[in-house]
Amino acid sequence: MAADLGSSSIEIPRLLAGFRRDRSALIPLLQALQQAIGYLPAEAITAAAEHLGLSETTVFSVASFYTQFKFQPPGRDKIKVCRGTACHVGGGERIIAELQRDLGIKPGETTPGGEYSLDTVACVGACALAPVVIINDEIFGRASPRQIIDELANHKPGAGCSCRD
Amino acid sequence: MPGLNAFTTLQAEAKRSWQELIESRTPHILIGTATCGKVSGAMSVYEAIIATLERLGIKATVTQVGCFGMCYAEPTVDIALPGQPRISYGFMTPEKASRIIEDYIIHHNPRPDLALCTIGDGRIEGITPFDDMPMLKGQHRIAIRNCGHINPLRINHYIARNGYAGLSRALSTMTPQSVIDEILKSGLRGRGGAGFATGQKWQYCRDAAATPKYVVCNADEGDPGAFMDRSILEGDPHSVVEGLTIAAYAIGAAEGFIYVRAEYPLAVTTIKHAVAQAREHGLLGRNIMGSGFDFDIHIKEGAGAFVCGEETALMASIEGKRGLPRTRPPFPASSGLWGKPTCINNVKTLAMAAYILAEGADKFAAIGTERSKGTCVFALAGNINHMGLVEVPMGTPLSEVIYGIGGGIAGSKPLKAVQIGGPSGGCLPANLISTGLDYESLAKSGAIMGSGGLIVMDEGNCMVDVARYFLSFVQAESCGKCTPCRLGTRQMLDILERITRGEGHPADIDRLQELAKQIKISSLCALGGTSPNPVLTTLKYFLSEYEAHIFERRCPAGVCKALITYSIVSDKCPGCRKCVKPCPAGAISFVAKGQPVLLDEKLCNRCGVCRDVCKLGAVAVS
Chain A
47 MAADLGSSSI EIPRLLAGFR RDRSALIPLL QALQQAIGYL PAEAITAAAE
97 HLGLSETTVF SVASFYTQFK FQPPGRDKIK VCRGTACHVG GGERIIAELQ
147 RDLGIKPGET TPGGEYSLDT VACVGACALA PVVIINDEIF GRASPRQIID
197 ELANHKPGAG CSCRD
Chain B
56 MPGLNAFTTL QAEAKRSWQE LIESRTPHIL IGTATCGKVS GAMSVYEAII
106 ATLERLGIKA TVTQVGCFGM CYAEPTVDIA LPGQPRISYG FMTPEKASRI
156 IEDYIIHHNP RPDLALCTIG DGRIEGITPF DDMPMLKGQH RIAIRNCGHI
206 NPLRINHYIA RNGYAGLSRA LSTMTPQSVI DEILKSGLRG RGGAGFATGQ
256 KWQYCRDAAA TPKYVVCNAD EGDPGAFMDR SILEGDPHSV VEGLTIAAYA
306 IGAAEGFIYV RAEYPLAVTT IKHAVAQARE HGLLGRNIMG SGFDFDIHIK
356 EGAGAFVCGE ETALMASIEG KRGLPRTRPP FPASSGLWGK PTCINNVKTL
406 AMAAYILAEG ADKFAAIGTE RSKGTCVFAL AGNINHMGLV EVPMGTPLSE
456 VIYGIGGGIA GSKPLKAVQI GGPSGGCLPA NLISTGLDYE SLAKSGAIMG
506 SGGLIVMDEG NCMVDVARYF LSFVQAESCG KCTPCRLGTR QMLDILERIT
556 RGEGHPADID RLQELAKQIK ISSLCALGGT SPNPVLTTLK YFLSEYEAHI
606 FERRCPAGVC KALITYSIVS DKCPGCRKCV KPCPAGAISF VAKGQPVLLD
656 EKLCNRCGVC RDVCKLGAVA VS
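Line by line, the protein sequences give chains A and B. Letter by letter, the first sequence follows residues 47 to 211 of my numbering. Letter by letter, the second sequence follows residues 56 to 677 of my numbering.
Treat the hints with caution; some may be incorrect.
Claimed, not checked - Ranges of calculated distance between the beta carbons of each label pair, as one might list FRET restraints:
(1) A:161 with B:421: 52 to 62 Å
(2) A:69 with B:264: 44 to 54 Å
(3) B:565 with A:57: 52 to 62 Å
(4) A:89 with B:259: 23 to 33 Å
(5) B:342 with A:66: 16 to 26 Å
(6) A:120 with B:381: 48 to 58 Å
(7) A:192 with B:676: 46 to 56 Å
(8) B:230 with A:92: 35 to 45 Å
(9) B:535 with A:102: 19 to 29 Å
(10) B:541 with A:120: 20 to 30 Å
What the hints assert, rightly or not - List of simulated lysine-lysine pairs, DSSO-like, C-alpha gap at most 27 Å:
(11) B:633 with B:670
(12) B:633 with A:116
(13) A:126 with A:116
(14) B:670 with A:126
Honestly, the hints are just simulated from the structure, not real lab data. No residue lacks a Cβ here, since even glycine has one placed at the ideal position from N, Cα and C.
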C-alpha cells in the first residue's frame, strides 16, 4: 500500500539523524517515526532498518510485537477504551460493545472513511474514575456509552486534539 | 561539579525557600493535577482559580501538586492561609473553587460545608483534622510521602523535604557495602510483587564479577487496576531518581534505565523532567556530590506490551528486541542487560530505599510484621466509596483498608470479593477480609501482594465473569513464546466463555483445575505461571457460582448476558423516563407519565444501564 507521507517524508532522515546507530535505539526510533507520521508505513520500516543496519524483517518483527505500533493509517479521531479491571467492573465492556455497534468496527479497526479508529488499552491508571475512555488526547472518566457516543457526534472529525486540559 | 558542600548549600537554600513558602504572608493554593485530577477537570479549576485571584486582586502562590491519594474527591484544591492549617476541598468545579477563594480569602469563611479536612497544626471549627479523617488516619506514608505535598517539577521542594539526603549520606559517609547492609537491615522486600529481599538482590549484583553493571527501574506498571507507580512518578519523581542512584552506587553501576509505560504520558514527562533537573544540579552525571561516583539515567518508554513488566522481557525490550521473557537462571543479577549484571527494582522499592537511607533502617524496620517490614501501597478501586491511593503498615487487615480507609462499599451493598494483585493475584471472599496485608498472609489465602491493585466487588459482580475477564486479559497479553501460556490460557478462556454463555459441562471444573496446575508449573515466566490464580481462587471460594452457571444455567449476580433477561417491574416504575435516554439499544419506550415504561426484550442487549440509573429498583433481572 502506498503510504501518504505528506510532508513527513522530508522529516524521516532528519528524525533518524537524532538516533544512535545502535539496536537499543530501535524502539525509541520507531516511536518517533510513528509520532511524526501517525503510523509506520513500509517506508518508515525500511528507513529504520537502513539506519540501524538491521534487516527489514527484524525491524518489522520487533514493531509488530508491540501494540503501540500501527501499520495502517489511524482514523482522524482515535478512540481508546480502557479495559482495566476497575473499568471492567464499572461497565467498560458495555462501552466497547456500544461503540462497536455505533461505529460498525471492532477494536483495532478504522471506519472505512477513515473517520474513527477504535482501540482498547490495557489500563490507563485512572482506575478511581472508571470506566475511562480516551478520545484523541482527552480522557473521559466515569464514562457511559451514551456520553461517549454523544461526544463523538458533537466532535468534528479531524478537528484534532480537543484537550480540555 | 558540586561537591558535598555544594549539596549542603543547595539543601539549606531549598529548606529556606520551602519555609518561606509555608510561613508566607500570602495564601498558598495547591491543586492536584496528576492524571486522576486532570481527568476530573483539574485544569479548568486551575484556570478558574488564576482568573479569580486576578479579578479579586489577591496575591497568592499557586502550586500544582501530584495526587494526594483521595482520587474519589478529585479535583481537589487546598488552601493554606498564614497562621492557619491547610484546608483541603474536594469535588471542585471552576465555580465552586472561585467561590471558595472569595469566601475564604476575602471574607474569612473557610466553608466547612465544602471542606474535606485540615492538614497541619491547628484546628478550624467544623472541619475534620487530617488525622481524624477515616481515609487518612490508618495510613503511614513512606513511598507516597511527598505526593500531594510538593510540586513534582521543583527539585527544591523534594530536597526541602529531606530529598537527596539519603544519597548524600550514602556518598559521603558510607561504602557501597554499608549501603547494602543498611537495606538488608531495613528488611525491605521488592514492592513489584514478588517480595524478594532488596538488599540481597543488590548484594548478588555487587558480588558479580563482570562489568559494566546496570541498574533498572521497572516502571512498567501494567497490572490493570494498579496506579500507584504512576502516582509516584507523577507526584514525586525525584524519589525514584534518588533511589535508583543509591542502588547504582551500591552495586557499582554507572548507567541506569527507567522503563516507563507509554500509556502514562504525564508520568513520562515528569520523570524525564526530574532526570534533567537532577543532572543540572549535579545529582546525576560525573562526580556526584564530589564523591568521584559517576552515574546517569536514560528513560525508555514502553510500547504497550504487558509482558515487558517481567524483568527478562523488559531487558530484551531495552535492548531493542521483542519483549520476550527467558528462562532464569541466569538471573539478571549475574546476566542481565547485554549479558551484564543488572539490578531491577520497582518504583515503590526505589522510593522506599531513598527513604531508608535518609531516615535509617531501624525506622523502616519498626513498621510492619516480623517478615514483611515497612508499608505497602495499594490502589483502591471498584465498588468502594473512597477510591484512591493508600499506604498502610504491612500486616494491616484488609477489612481496615476496605471499611476504615476505603469508607466501605459504594451504595452500602454487601461486599462480595476483593481482587488483589492483578491478573497474577486472586479473589478473596468477604469472609477472609480479616487477612493481614503482608506477603505471608496473602500467600496463605491463595492471593498475592502483586503490584498492589485492590478491586472491591459487591454482589453485582459475577465471579465467573471476573475470572473470564482476567483470562481474556492474559490471553491477549501473552507474548506467545511458551505453549502453556499461549495455548493453555486459550483453552481455559474457551471453557470460561462457554460457562458464561450457559454452555458449561459438569467436567469443566476439573478440567479448569487440571489446566491451571499444568500452566502454573510449566510456564516460562511469571505472567503465565500466575495467570491461573484468578480462576483457582474463584473456584476455591465461589464454586457455587460456577455450579449455578453449569448446572442451573443461571448467573446469580445477573451479569452473564446469555443467562439473563431484563424486565420492568410495573408497580415500581413511575414512568419517570430516566432510563429511556441512556438505553443504548433504544429498547425502552415511554408510554405516558405515571405509566410504567416498556422494555422490548428483542431489542434489549442486556447492558444493564437501565438498572444502574433506576434508583427505584424498577428494573429486574432474572
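Taking the hints in turn, this is what the structure says about them:
1. A:161 with B:421: 52 to 62 Å: 60 Å, holds
2. A:69 with B:264: 44 to 54 Å: Taking Cβ atoms as reference, residue 69 of chain A and residue 264 of chain B lie about 25 Å apart, which means the hint is violated.
3. B:565 with A:57: 52 to 62 Å: 59 Å, holds
4. A:89 with B:259: 23 to 33 Å: Since the Cβ atoms of residue 89 of chain A and residue 259 of chain B sit about 46 Å apart, the hinted range of 23 to 33 Å is violated.
5. B:342 with A:66: 16 to 26 Å: Given about 25 Å between the Cβ atoms, the range holds.
6. A:120 with B:381: 48 to 58 Å: 33 Å, violated
7. A:192 with B:676: 46 to 56 Å: 20 Å, violated
8. B:230 with A:92: 35 to 45 Å: Taking Cβ atoms as reference, residue 230 of chain B and residue 92 of chain A lie about 52 Å apart, which means the hint is violated.
9. B:535 with A:102: 19 to 29 Å: With a Cβ separation near 21 Å, residue 535 of chain B and residue 102 of chain A satisfy 19 to 29 Å, so the hint holds.
10. B:541 with A:120: 20 to 30 Å: Holds, since residue 541 of chain B and residue 120 of chain A (Cβ atoms, about 28 Å apart) stay within the stated range.
11. B:633 with B:670: Within the cut-off at roughly 9 Å; holds.
12. B:633 with A:116: The given pair, whose Cα atoms are some 41 Å apart, is violated under the 27 Å limit.
13. A:126 with A:116: 14 Å, holds
14. B:670 with A:126: Between residue 670 of chain B and residue 126 of chain A the Cα gap is close to 30 Å, so the pair fails against 27 Å, i.e. violated.
Figure legend: structure checked against the earlier numbered hints; hints not met, in rising order: 2, 4, 6, 7, 8, 12, 14.
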